[in-house]
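With chain X fixed as given, assemble chain U onto it according to the hints.
Protein chains: 2
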Amino acid sequence: MPRSSSTHSDDAEKFLLAAKRAEIQALERLVGSCELVTTVSDLVHQLQRERGISNIYLVSTGFRFSAQRQEQIQNGRDSEEVFRRLLHNRYLRSGRDESPRDMRLLNSIAYSLHGLDELANLRLHVDAFEVSALESTDAYCRLIAGLLSVVFEAADVADDPEVTRLLVALFNFMQAKEFAGQERAWGAIGFAGCRFDKKLHGRLAQLQDCQRGSLELFVEFSGEAEQTRWQTIEGGEASRDLQRLRQVIAGLKEGEPIASEISEVWYDLATARIDAMHCLEDAMAARLLQVSRKRVAEAQSELGYHYAQLQRMKSTEWTRPPALAVLFDPEVPGLYGSAPSTAVPPLPGKNLAHSLYDLIRSQVAHIHRVSEELEKTRRALTERKLVERAKGILMRSLRLSEEEAYRSMQTRAMEMNLKLADVAEKILQIGGRDGSAGGGTSGSVRPAAETLAEEIR
Amino acid sequence: MPRSSSTHSDDAEKFLLAAKRAEIQALERLVGSCELVTTVSDLVHQLQRERGISNIYLVSTGFRFSAQRQEQIQNGRDSEEVFRRLLHNRYLRSGRDESPRDMRLLNSIAYSLHGLDELANLRLHVDAFEVSALESTDAYCRLIAGLLSVVFEAADVADDPEVTRLLVALFNFMQAKEFAGQERAWGAIGFAGCRFDKKLHGRLAQLQDCQRGSLELFVEFSGEAEQTRWQTIEGGEASRDLQRLRQVIAGLKEGEPIASEISEVWYDLATARIDAMHCLEDAMAARLLQVSRKRVAEAQSELGYHYAQLQRMKSTEWTRPPALAVLFDPEVPGLYGSAPSTAVPPLPGKNLAHSLYDLIRSQVAHIHRVSEELEKTRRALTERKLVERAKGILMRSLRLSEEEAYRSMQTRAMEMNLKLADVAEKILQIGGRDGSAGGGTSGSVRPAAETLAEEIR
Numbered sequence: 001m002p003r004s005s006s007t008h009s010d011d012a013e014k015f016l017l018a019a020k021r022a023e024i025q026a027l028e029r030l031v032g033s034c035e036l037v038t039t040v041s042d043l044v045h046q047l048q049r050e051r052g053i054s055n056i057y058l059v060s061t062g063f064r065f066s067a068q069r070q071e072q073i074q075n076g077r078d079s080e081e082v083f084r085r086l087l088h089n090r091y092l093r094s095g096r097d098e099s100p101r102d103m104r105l106l107n108s109i110a111y112s113l114h115g116l117d118e119l120a121n122l123r124l125h126v127d128a129f130e131v132s133a134l135e136s137t138d139a140y141c142r143l144i145a146g147l148l149s150v151v152f153e154a155a156d157v158a159d160d161p162e163v164t165r166l167l168v169a170l171f172n173f174m175q176a177k178e179f180a181g182q183e184r185a186w187g188a189i190g191f192a193g194c195r196f197d198k199k200l201h202g203r204l205a206q207l208q209d210c211q212r213g214s215l216e217l218f219v220e221f222s223g224e225a226e227q228t229r230w231q232t233i234e235g236g237e238a239s240r241d242l243q244r245l246r247q248v249i250a251g252l253k254e255g256e257p258i259a260s261e262i263s264e265v266w267y268d269l270a271t272a273r274i275d276a277m278h279c280l281e282d283a284m285a286a287r288l289l290q291v292s293r294k295r296v297a298e299a300q301s302e303l304g305y306h307y308a309q310l311q312r313m314k315s316t317e318w319t320r321p322p323a324l325a326v327l328f329d330p331e332v333p334g335l336y337g338s339a340p341s342t343a344v345p346p347l348p349g350k351n352l353a354h355s356l357y358d359l360i361r362s363q364v365a366h367i368h369r370v371s372e373e374l375e376k377t378r379r380a381l382t383e384r385k386l387v388e389r390a391k392g393i394l395m396r397s398l399r400l401s402e403e404e405a406y407r408s409m410q411t412r413a414m415e416m417n418l419k420l421a422d423v424a425e426k427i428l429q430i431g432g433r434d435g436s437a438g439g440g441t442s443g444s445v446r447p448a449a450e451t452l453a454e455e456i457r
Numbered sequence: 001m002p003r004s005s006s007t008h009s010d011d012a013e014k015f016l017l018a019a020k021r022a023e024i025q026a027l028e029r030l031v032g033s034c035e036l037v038t039t040v041s042d043l044v045h046q047l048q049r050e051r052g053i054s055n056i057y058l059v060s061t062g063f064r065f066s067a068q069r070q071e072q073i074q075n076g077r078d079s080e081e082v083f084r085r086l087l088h089n090r091y092l093r094s095g096r097d098e099s100p101r102d103m104r105l106l107n108s109i110a111y112s113l114h115g116l117d118e119l120a121n122l123r124l125h126v127d128a129f130e131v132s133a134l135e136s137t138d139a140y141c142r143l144i145a146g147l148l149s150v151v152f153e154a155a156d157v158a159d160d161p162e163v164t165r166l167l168v169a170l171f172n173f174m175q176a177k178e179f180a181g182q183e184r185a186w187g188a189i190g191f192a193g194c195r196f197d198k199k200l201h202g203r204l205a206q207l208q209d210c211q212r213g214s215l216e217l218f219v220e221f222s223g224e225a226e227q228t229r230w231q232t233i234e235g236g237e238a239s240r241d242l243q244r245l246r247q248v249i250a251g252l253k254e255g256e257p258i259a260s261e262i263s264e265v266w267y268d269l270a271t272a273r274i275d276a277m278h279c280l281e282d283a284m285a286a287r288l289l290q291v292s293r294k295r296v297a298e299a300q301s302e303l304g305y306h307y308a309q310l311q312r313m314k315s316t317e318w319t320r321p322p323a324l325a326v327l328f329d330p331e332v333p334g335l336y337g338s339a340p341s342t343a344v345p346p347l348p349g350k351n352l353a354h355s356l357y358d359l360i361r362s363q364v365a366h367i368h369r370v371s372e373e374l375e376k377t378r379r380a381l382t383e384r385k386l387v388e389r390a391k392g393i394l395m396r397s398l399r400l401s402e403e404e405a406y407r408s409m410q411t412r413a414m415e416m417n418l419k420l421a422d423v424a425e426k427i428l429q430i431g432g433r434d435g436s437a438g439g440g441t442s443g444s445v446r447p448a449a450e451t452l453a454e455e456i457r
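First to last, the sequence lines map onto chains X and U.
Sequential numbering from 1 applies to the first sequence in the UniProt record's numbering.
Sequential numbering from 1 applies to the second sequence in the UniProt record's numbering.
So here's chain X without its partners, still in its complex pose (with noise of 0.2 Å):
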């Protein structure tokens, strides 16, 4: 059986040092989109107290929350400061490596910052009461858009499967959050406009399905650690008193009159509530960038065993025992149908760790291992995103509530024995107007409703 006597060949060396620093410049761009999700976290978190504060500001005309908005909108600034000192020193410092290849992270915080320069322009505008507090609500929602969009590129980014998770689950709650700041928002408004119709209970509804929604979302992707600490807030005292306040505000009849004051009750709960996720995300984004940070150390302790490893073989003490010839290797798939492992016998004390070619296929698995990984949780991604659109669908075209939509897909799915996801793709297919996740072979002329129903009957 033949041996290599090959020298190995400098080429081959420098491409497996090569991958392992491509990888290590990868995860440090890593540990630096984790480091801007954390500053965008805090920043998103300012500007929602300054939006729900602006707004008891406008409808009161000014006499509420005067001195708060102030002191409020100079922590914005501060952290805004923070926000772009980070950007400067991270990708606009020319030279600068671990700056990110990725055009959509880098056009979404584009678009963040154009949004924070007009921010000045807004606040001038609610100073002397020019916009209304649905104008303002809005332009604050569509500038925290913006900076969760960044967070989400950032997620989409990441290489690493542990890393993708938690950037996923942090994601989400912060979408959670911006939901739950939106029906502090609308809550606000109605309060203080001393009324709720028909039209507000139905968006704080929505907006409570929504942070539901995500939330989900947050639970299935983060740690143990994350979910407990949320079962805590959901249980604290805040959360019921606002658990209580929502169901009051249910239960106001059309535009039946309510006291103002409330307005600021109300809005100190949602705001304990709110404080409360903002800790929580807090401590995810310390665990972002600790879970980050190791994997670097890793990949620069495995660089530096490859090295040690590559000096001993060319050591002149180095006697290399046989290796084994990857042209040979009865592991390597060869000619279809010849019978390997027949073709070669085991090598006796074959070592793993003394040639080229075992560094190589260590590699190997190490990559083949990684991408598994991140192969499943983008897909666990996927497909949850499938059947929330799913799940949407069939809340508007057959006006189901969220929870017998998803009871719906879900028995469904038991009775043809297939996945949740592949109901809900067959959903989008038929429902139409996401054909984009399905690329639907129904060719089903009749009205979609009429088909759904028949679908999940």
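Misleading hints may appear alongside valid ones.
Covered stretches of chain X, going by a simulated chain U footprint (3 or more residues, C-beta under 8 Å) [as the list claims (entries may be wrong)]:
hint: 1; stretch: 10–16
hint: 2; stretch: 83–91
hint: 3; stretch: 118–132
hint: 4; stretch: 182–188
hint: 5; stretch: 202–211
hint: 6; stretch: 356–366
hint: 7; stretch: 414–424
Straight-line C-alpha distance at most 35 Å; calculated DSBU-like pairs for lysine-lysine [as the list claims (entries may be wrong)]:
hint: 8; chain 1: X; residue 1: Lys385; chain 2: U; residue 2: Lys385
hint: 9; chain 1: X; residue 1: Lys376; chain 2: U; residue 2: Lys376
hint: 10; chain 1: U; residue 1: Lys376; chain 2: X; residue 2: Lys385
hint: 11; chain 1: U; residue 1: Lys385; chain 2: X; residue 2: Lys14
hint: 12; chain 1: U; residue 1: Lys14; chain 2: X; residue 2: Lys294
Chain X side only, calculated, beta carbon under 7 Å to chain U, not exhaustive [claimed, not checked]:
hint: 13; residue: Ala19
hint: 14; residue: Tyr111
hint: 15; residue: Thr137
hint: 16; residue: Gly334
By construction, these hints were calculated from the structure, which means they are not laboratory data.
Backbone N, C-alpha and C fix where the C-beta goes; we use that ideal spot for every residue, glycine too.
Using the frame of chain X, we list chain U on its own:
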């Protein structure tokens, strides 16, 4: 309705440009990968010829193809030289920025280079008849498989939809050509050994199936021009003669002797077809380069346009029309449930190319378009892979022919009004061994074959 009175932020501008530059860099790396693929395709072709020639040389214990072999070895050396030089210039020269950031591509290159280092060694073994035709063929196949993985990785990291489609088509065509080469090798072994046993018949049939499978994928992802050229090849004389010879072989009884001279006829016919395939390969590679370079040029001119626009906005004569402020753009989703369309009347004569915001917006749209297309291509590829693998499971566990397996899946899909891919995924879940593709909900404990048979009954 408020308008932005804020001056442009340099930062937002810088990130807008950084995003476009990031796209250009990514596309330049892509051009690099395409050049790499081109040289790999040539090297693989040379090694395939050397493999076939070496076989006949070995089984005829040096009586046949001795001269051709030396000549072919030289061709191989030349082609390897080109490959190595390209790698050096592109990836190992320091300070080059378009070197790929991709660990997997680099590692597959390291793997291939290591294999090439052992090639000299393999050739010596062949010279001295120290390896059997089977061992030698196996070795060449491993080397080629490594090189093909480089093409696969290149296709996997392509960020452009059209280039991705071309790379996928090319990779599958190269794969098919390699199966054709292995068929040629097994045939040569059979002829030169003057006998075709049952096993050999089976392998040849399977290798022909594998070719069909890869070629289907090639057809699905290639352009019309390539498809037409391919039809011409398969309709051509060499292919038809080869088909006849295939039937002659299939007709041979167990161990029925056959004149070894035919081996050269077989070799020549198979070679003629494979060479024709290689020409088409070259054409595809050329188009690949052309398309990827076009992309870079396009992105660069877009960057130039951005610069020009930004300059114009800064110029003193530039009277800035009231730009739509991002925070007040009704098209940007803001507060959930607010009615944006009514919130702001459409601006009279709003000029879309007249503000930084417009540039950012157009880039957002561009990114969205590209991502969507890419997503579609990737999905098509994944689904195609699922179907291929499910087909394999059915063929193995239910002993169906490829056609039968495919048809049964199709029927099932139509019955259940599902996509073929959904049925495939279902089969993979049941078939178990490929659960990775499903995430299996089916907890069936009965023998897979039974369940499968039922599934597609």
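Evaluation of the provided hints:
Counting residues of the stretch 10–16 of chain X whose CB lies closer than 8 Å to any CB of chain U gives 6, so the stated coverage by that chain holds, three being the minimum. Taking a C-beta to C-beta cut-off of 8 Å, the stretch 83–91 of chain X contributes 4 residues in contact with chain U, enough for the three needed, and the coverage statement holds. With 8 residues bearing a CB less than 8 Å from a CB of chain U, the stretch 118–132 of chain X meets the requirement of three and the coverage assertion stands. Given a C-beta distance limit of less than 8 Å, the hint that chain U covers the stretch 182–188 of chain X holds, as 3 residues qualify and 3 suffice.
With a cut-off of 8 Å between beta carbons, the stretch 202–211 of chain X has 5 residues touching chain U; three or more are needed, and the interface restraint holds. Taking a C-beta to C-beta cut-off of 8 Å, the stretch 356–366 of chain X contributes 5 residues in contact with chain U, enough for the three needed, and the coverage statement holds. Coverage of the stretch 414–424 of chain X by chain U holds. Counting CB-CB distances below 8 Å, 6 residues qualify, and the rule asks for three or more. A hinted pair counts as satisfied when its Cα atoms are at most 35 Å apart, and Lys385 of chain X with Lys385 of chain U qualifies at roughly 22 Å.
Simply put, Lys376 of chain X and Lys376 of chain U have alpha-carbon atoms about 19 Å apart, close enough for the 35 Å limit, and the pair holds. A distance of roughly 16 Å separates the Cα atoms of Lys376 of chain U and Lys385 of chain X; the hinted pair therefore holds under the 35 Å criterion. Note on Lys385 of chain U and Lys14 of chain X: the hinted pairing holds, with a Cα-Cα distance of about 33 Å set against a maximum of 35 Å. In summary, the hint linking Lys14 of chain U to Lys294 of chain X is supported, as the alpha carbons are separated by about 31 Å, within the 35 Å threshold.
Because the smallest distance between the Cβ of Ala19 of chain X and any Cβ of chain U comes to about 4 Å, under 7 Å, the interface hint for this residue holds. A hinted interface residue such as Tyr111 of chain X counts as satisfied when its beta carbon comes closer than 7 Å to some beta carbon of chain U; here the least separation is about 5 Å, so the hint holds. Among the interface hints, the one on Thr137 of chain X holds; its C-beta lies about 5 Å from the nearest C-beta in chain U, closer than the 7 Å criterion. Because the smallest distance between the Cβ of Gly334 of chain X and any Cβ of chain U comes to about 4 Å, under 7 Å, the interface hint for this residue holds.
Hint violations for this structure: none, all hints satisfied.
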